[in-house]
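Now for the letters of each chain:
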Amino acid sequence: MIVDALSFTMLALGGFFVFMGGLGALRLPDLYTRMHAASLTDSLGTLLTLGGIMLQAGWSLATIKLLTILFFLMMTGPTASYALANAALLSDDKDAPGAPPATGN
Amino acid sequence: MVTAFGIALLTLLVVTAVAVVVTPNLFVAVMLMSIFSLLMAATFFILDAADVALTEAAIGAGMSTILFLGALALIAEREARGSGRRRWLPLAVIALTAFTIIYATFDKPRLGDPSAPVHQHVAPWYLEQTPVLMEMSNVVTAVLASFRAYDTLGEVLVILTAGLGVMLILANGRPDLSRQGRAAAATGLRHHLIPRVVGQLLIPFIVLFGLYLQFHGEFGPGGGFQAGAIIAVGIVLHALLEGEAAGRAILPTPLLVGMMAGGALLYCAVGIVGMLLGGNFLDYAVLSADPVAGQQLGIHLVEAGVGITVTSSLVAAFHAFADREPAA
Amino acid sequence: MYYVVTTAILVTMALALVRALLGPTVYDRVLAVNMFGTKTVLLVAIVAFLSGRPDFLDLALAYALINFVGVLAVLEFFRKKRHFERRP
Amino acid sequence: MKLFGLYNYWVFALLLMIGLYAVIAKPNLVKKLLGLSIFQSAVFLLYISMAKVDGGTAPIIQHAGEPQVFSNPLPHVLILTAIVVGISTIALGLAVVVRIREEFGTIEEDEIQAPDRDR
Numbered sequence: 001m002i003v004d005a006l007s008f009t010m011l012a013l014g015g016f017f018v019f020m021g022g023l024g025a026l027r028l029p030d031l032y033t034r035m036h037a038a039s040l041t042d043s044l045g046t047l048l049t050l051g052g053i054m055l056q057a058g059w060s061l062a063t064i065k066l067l068t069i070l071f072f073l074m075m076t077g078p079t080a081s082y083a084l085a086n087a088a089l090l091s092d093d094k095d096a097p098g099a100p101p102a103t104g105n
Numbered sequence: 001m002v003t004a005f006g007i008a009l010l011t012l013l014v015v016t017a018v019a020v021v022v023t024p025n026l027f028v029a030v031m032l033m034s035i036f037s038l039l040m041a042a043t044f045f046i047l048d049a050a051d052v053a054l055t056e057a058a059i060g061a062g063m064s065t066i067l068f069l070g071a072l073a074l075i076a077e078r079e080a081r082g083s084g085r086r087r088w089l090p091l092a093v094i095a096l097t098a099f100t101i102i103y104a105t106f107d108k109p110r111l112g113d114p115s116a117p118v119h120q121h122v123a124p125w126y127l128e129q130t131p132v133l134m135e136m137s138n139v140v141t142a143v144l145a146s147f148r149a150y151d152t153l154g155e156v157l158v159i160l161t162a163g164l165g166v167m168l169i170l171a172n173g174r175p176d177l178s179r180q181g182r183a184a185a186a187t188g189l190r191h192h193l194i195p196r197v198v199g200q201l202l203i204p205f206i207v208l209f210g211l212y213l214q215f216h217g218e219f220g221p222g223g224g225f226q227a228g229a230i231i232a233v234g235i236v237l238h239a240l241l242e243g244e245a246a247g248r249a250i251l252p253t254p255l256l257v258g259m260m261a262g263g264a265l266l267y268c269a270v271g272i273v274g275m276l277l278g279g280n281f282l283d284y285a286v287l288s289a290d291p292v293a294g295q296q297l298g299i300h301l302v303e304a305g306v307g308i309t310v311t312s313s314l315v316a317a318f319h320a321f322a323d324r325e326p327a328a
Numbered sequence: 001m002y003y004v005v006t007t008a009i010l011v012t013m014a015l016a017l018v019r020a021l022l023g024p025t026v027y028d029r030v031l032a033v034n035m036f037g038t039k040t041v042l043l044v045a046i047v048a049f050l051s052g053r054p055d056f057l058d059l060a061l062a063y064a065l066i067n068f069v070g071v072l073a074v075l076e077f078f079r080k081k082r083h084f085e086r087r088p
Numbered sequence: 001m002k003l004f005g006l007y008n009y010w011v012f013a014l015l016l017m018i019g020l021y022a023v024i025a026k027p028n029l030v031k032k033l034l035g036l037s038i039f040q041s042a043v044f045l046l047y048i049s050m051a052k053v054d055g056g057t058a059p060i061i062q063h064a065g066e067p068q069v070f071s072n073p074l075p076h077v078l079i080l081t082a083i084v085v086g087i088s089t090i091a092l093g094l095a096v097v098v099r100i101r102e103e104f105g106t107i108e109e110d111e112i113q114a115p116d117r118d119r
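If you're matching them up, the sequences are chains A, B, C and D in order. According to our numbering, the stretch in the first sequence is residues 1 to 105, in order. According to our numbering, the stretch in the second sequence is residues 1 to 328, in order. According to our numbering, the stretch in the third sequence is residues 1 to 88, in order. According to our numbering, the stretch in the fourth sequence is residues 1 to 119, in order.
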C-alpha cells in the first residue's frame with residue numbers, strides 16, 4: 001500500500017518533470033537556458049519514472065534491467081549535454097546566440 | 001488507450017517526415033531522420049513487434065545516423081536553392097496516388113482483426129510447430145533462421161554485396177590522405193576528455209549486450225541481425241573516440257573482409273553439411289542424432305554467420321566514409 | 001498513473017519535435033534529438049511494463065546504450081568539418 | 001476506436017507519398033536517399049500493422065501449453081531483415097553520391113546533367 005502510494009507519487013512527479021523539461025526546451029529564450037532545462041529535467045524525470053516502475057516491479061529481473069537502464073542513462077545523459085554545450089561554446093558559429101566569443105583554443 | 005498512444009506517435013511520424021523533406025539543410029534533415037527512426041521504433045513496439053523495434057533501434061538510431069553524417073562530412077550540407085523546376089507536377093502525382101491508396105484501404109481489414117487473411121495462411125502453423133520442432137520460444141528467430149532460411153541467406157548475401165560495394169567504390173584507388181587528412185584521422189575525439197572516458201566505459205557493455213542478444217535470441221527478442229548492428233555500433237564508437245587510425249587497427253581491412261565473407265560462408269556451409277548428411281539444403285534436423293538438438297545447433301550456427309557478416313559489413317561501410325577527406 | 005506519465009512523455013516528445021523543427025541553431029536540434037532518445041527509453045520502459053512483458057526492457061536498454069553514440073557522431077562531424085574548413 | 005482502425009494504413013499512404021515526393025521532386029541526391037528511407041519505413045509500417053492481432057502480444061512464447069494470442073511472426077521476419085538490408089543499400093547509395101561529388105563538384109541532379117544538355 002505504502003509502496004503503491006510512493007511509486008505513484010514518483011511516477012506523477014516524473015511525468016511532471018518530464019513535461020516541464022519539454023516546456024522549458026520549447027519556451028526558454030536561448031540555447032544555453034534551453035539546454036539547462038532539458039538536461040536537468042531529463043535526469044530527474046528519468047530517475048523518478050524508472051524508480052516508480054521499479055517499486056511496482058518488486059525484486060525481479062525487471063528491476064535489475066531497469067537499474068541497468070537507469071545507470072547507463074545517468075552516465076550518458078549528462079555527458080551528452082556536457083559535450084553538446086562544450087561544442088556549442090567552442091564553435092565560432094555566430095548563430096549560437098549568447099555564446100561568448102571563442103577565445104583562442 | 002495504447003491505441004491512442006499509437007495514433008499520437010503516427011501523427012508525429014507524418015510531421016517529422018514532412019519536415020525532413022522540406023528543410024533545406026541536410027544536417028538538419030539527418031537529425032530529423034533520427035527522430036523519425038526513434039518514433040518508428042516506438043510505433044513498432046506498440047504494434048507488438050519487439051524484434052523489429054530492436055532492429056530499428058540499433059540501425060536507425062545508431063548506424064544510419066552515423067553513416068549519413070559520415071557521408072555529409074564529405075559533401076556540401078546545404079541544398080541549392082531555387083532550382084527553378086516546376087513543383088506542381090510531382091505534387092499532383094503524389095496527391096492522386098495518395099488518394100488512390102487511401103481509397104483502397106477501405107477494403108482492408110481494420111487493424112488487429114484476427115480474421116484477416118494474413119493470419120490464416122502459414123503463421124498459425126509456425127506458432128504451433130516452433131515449440132514442437134525446435135523447443136524455442138522466439139518464433140521470429142525460428143522462422144528467420146530455420147523455416148525461411150533460404151530467404152535469410154539471400155538477405156545476408158545482399159548485405160555482403162552492399163558492404164563490398166561500398167568498399168570498392170570508396171576505399172579502392174583512394175587518393176592518399178593529405179597531411180591534414182592524416183592528422184584528422186589520428187585524433188578523433190581524443191581532446192573531449194569526459195565523453196571519451198564515458199564512451200570507453202560504455203564500449204564493453206555495448207559489445208556484451210550485443211553478444212547477449214546474439215545468444216539469447218531464441219528465448220527473448222534478439223538474433224544475429226540485431227546483435228550484429230549493436231556490436232558494429234560498439235566498434236564504431238571506439239573509432240570515433242580514438243580516431244580513425246586506431247579504430248582501423250583493431251579490425252584491419254583483411255580481417256574485416258574475411259569476416260564479411262566468412263559469415264556468409266558459414267551460413268552456406270551449414271546448409272551443405274546438412275545435404276551431405278542426407279537432408280535438404282538448410283535442413284538442420286539431420287545435424288544431430290536428435291532432430292530438436294540439430295535444429296537448435298543449425299539455428300545457432302546460422303545466426304552466428306548472420307551476426308559476423310552484419311557486424312563486419314556495417315563497420316566496413318563506416319570506415320570507407322571515415323577514412324576519406326572532403327574534396328577540395 | 002502509467003497513462004498519465006505516458007501522456008506527459010508523448011506531449012514532451014511533441015514539444016521536443018517542435019524545438020527540432022524551429023532550430024534556430026544546429027545545437028538546438030541535436031539537443032532535441034537527445035531529449036527524444038531519453039523519452040523513447042522511458043516510453044518503451046513504461047509500455048513494456050504495462051503490457052506485462054518485462055523481458056522487453058531489453059529494448060529500452062538497447063536505446064540507453066546506443067543513443068549516446070549518435071551525439072558523439074555529431075561531435076565528430078563538427079570536428080571534421082571545422083578541421084577541413086581551416087584548410088588553405 | 002473503430003473509426004481509427006484504418007489510421008495506420010492512411011499514415012502508410014502519406015509516408016509513402018512524402019518519400020516518393022522527395023525522390024522525384026528534390027534535385028539533391030542526399031535528399032533523394034532520405035526520401036528513399038522514408039519510403040522504406042512506410043512499407044515497414046504497412047507490414048507490421050498487418051501483423052498486429054487484437055489482444056495479442058509479441059510472438060515470443062512465455063509458458064508453453066498456455067493458450068495465448070500472438071501477432072503474426074512472418075511480417076516481423078521479413079521486415080527485420082529488410083531494415084538491415086535497407087541500411088546497407090543506403091550506405092551503397094551514399095558511397096555513390098560521395099564519388100559523384102568528387103567527380104562533378106556538386107550533388108544537385110540538374111547541375112550534374114547540365115553538361116549533357118549543352119551538348
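Take the hints with a grain of salt, since some may be wrong.
[Said to hold, decoys possible] Stretch-level coverage of chain D by chain B, calculated; a stretch enters the list once three of its residues show a Cβ under 8 Å from a Cβ in chain B:
| no. | segment |
| --- | --- |
| 1 | 9 to 15 |
| 2 | 23 to 32 |
| 3 | 35 to 46 |
| 4 | 89 to 98 |
| 5 | 111 to 117 |
[To be verified] Derived Cβ-Cβ restraints for the label pairs, each shown as a range:
| no. | chain 1 | residue 1 | chain 2 | residue 2 | range |
| --- | --- | --- | --- | --- | --- |
| 6 | B | 191 | C | 24 | 50 to 60 Å |
| 7 | B | 197 | A | 6 | 29 to 39 Å |
| 8 | A | 74 | D | 117 | 51 to 61 Å |
| 9 | B | 180 | C | 24 | 22 to 32 Å |
| 10 | B | 215 | A | 3 | 48 to 58 Å |
| 11 | A | 3 | D | 68 | 45 to 55 Å |
| 12 | D | 104 | B | 157 | 45 to 55 Å |
| 13 | C | 50 | B | 104 | 26 to 36 Å |
| 14 | D | 100 | B | 183 | 21 to 31 Å |
| 15 | B | 169 | C | 24 | 57 to 67 Å |
| 16 | B | 215 | A | 58 | 40 to 50 Å |
| 17 | B | 257 | A | 23 | 43 to 53 Å |
| 18 | D | 54 | C | 3 | 50 to 60 Å |
[Unchecked claim] Computed, partial: chain C to chain A, Cβ under 10 Å:
| no. | residue |
| --- | --- |
| 19 | 12 |
| 20 | 14 |
| 21 | 19 |
| 22 | 54 |
| 23 | 58 |
| 24 | 61 |
| 25 | 83 |
Think of the hints as simulated: they come from the structure by calculation, not from any bench. C-beta atoms are modelled at their ideal positions from N, C-alpha and C, and glycine is treated no differently.
For each hint, the structure was consulted:
Counting residues of the segment 9 to 15 of chain D whose beta carbon lies closer than 8 Å to any beta carbon of chain B gives 7, which meets the minimum of three for the stated coverage. Proximity of the segment 23 to 32 of chain D to chain B, defined as three or more residues with a beta carbon under 8 Å from a beta carbon of that chain, is established by the 7 residues found. For a cut-off of 8 Å, the count of residues in the segment 35 to 46 of chain D with a CB near a CB of chain B stands at 6, and the three-residue condition holds. Counting residues of the segment 89 to 98 of chain D whose beta-carbon sits less than 8 Å from any beta-carbon of chain B gives 9, enough to reach three: the coverage restraint holds.
Counting residues of the segment 111 to 117 of chain D whose C-beta lies closer than 8 Å to any C-beta of chain B gives 1; at least three are required, and the coverage claim is violated. The given range of 50 to 60 Å is broken by residue 191 of chain B and residue 24 of chain C, whose C-beta atoms sit roughly 27 Å from each other. Checked against the hint of 29 to 39 Å, the pair residue 197 of chain B and residue 6 of chain A passes, with Cβ atoms roughly 35 Å apart. Under the hint 51 to 61 Å, the C-beta atoms of residue 74 of chain A and residue 117 of chain D, about 58 Å apart, fit the expected range.
Between residue 180 of chain B and residue 24 of chain C, the C-beta spacing of about 31 Å keeps the proposed range 22 to 32 Å intact. Taking 48 to 58 Å as the suggested C-beta distance range, the pair residue 215 of chain B and residue 3 of chain A does not conform, at roughly 35 Å. The hint said 45 to 55 Å for the Cβ distance between residue 3 of chain A and residue 68 of chain D, and at roughly 29 Å that hint is violated. Hint check: residue 104 of chain D to residue 157 of chain B, Cβ distance near 32 Å, so the stated range 45 to 55 Å is violated.
Checked against the given bound of 26 to 36 Å, the beta carbons of residue 50 of chain C and residue 104 of chain B, roughly 34 Å apart, stay inside it. Checked against the hint of 21 to 31 Å, the pair residue 100 of chain D and residue 183 of chain B passes, with Cβ atoms roughly 27 Å apart. Separation of residue 169 of chain B from residue 24 of chain C is about 36 Å and departs from the stated range, judged on CB atoms against 57 to 67 Å. Distance hint check: the CB atoms of residue 215 of chain B and residue 58 of chain A are about 28 Å apart, inconsistent with the given range 40 to 50 Å.
Taking 43 to 53 Å as the suggested C-beta distance range, the pair residue 257 of chain B and residue 23 of chain A conforms, at roughly 51 Å. Against the hinted window of 50 to 60 Å, the Cβ-Cβ separation of residue 54 of chain D and residue 3 of chain C comes to about 19 Å, which falls outside the hint. For residue 12 of chain C, the shortest C-beta to C-beta distance to chain A is roughly 3 Å, which falls under 10 Å, so the interface hint holds. Hint status for residue 14 of chain C: holds, given a least beta-carbon distance of 8 Å to chain A, under 10 Å.
Interface restraint check for residue 19 of chain C: the shortest CB-CB distance to chain A comes to about 5 Å, inside 10 Å, so the restraint holds. At about 4 Å, the closest approach between the beta carbon of residue 54 of chain C and any beta carbon in chain A falls short of 10 Å, and the interface hint on this residue holds. Interface hint status for residue 58 of chain C: upheld, as the beta-carbon distance to the closest one in chain A is roughly 7 Å, under 10 Å. Proximity of residue 61 of chain C to chain A holds as hinted, the smallest CB-CB distance being about 5 Å (cut-off 10 Å).
The restraint placing residue 83 of chain C at the interface with chain A is violated, with a minimum CB-CB distance near 13 Å, outside the 10 Å limit.
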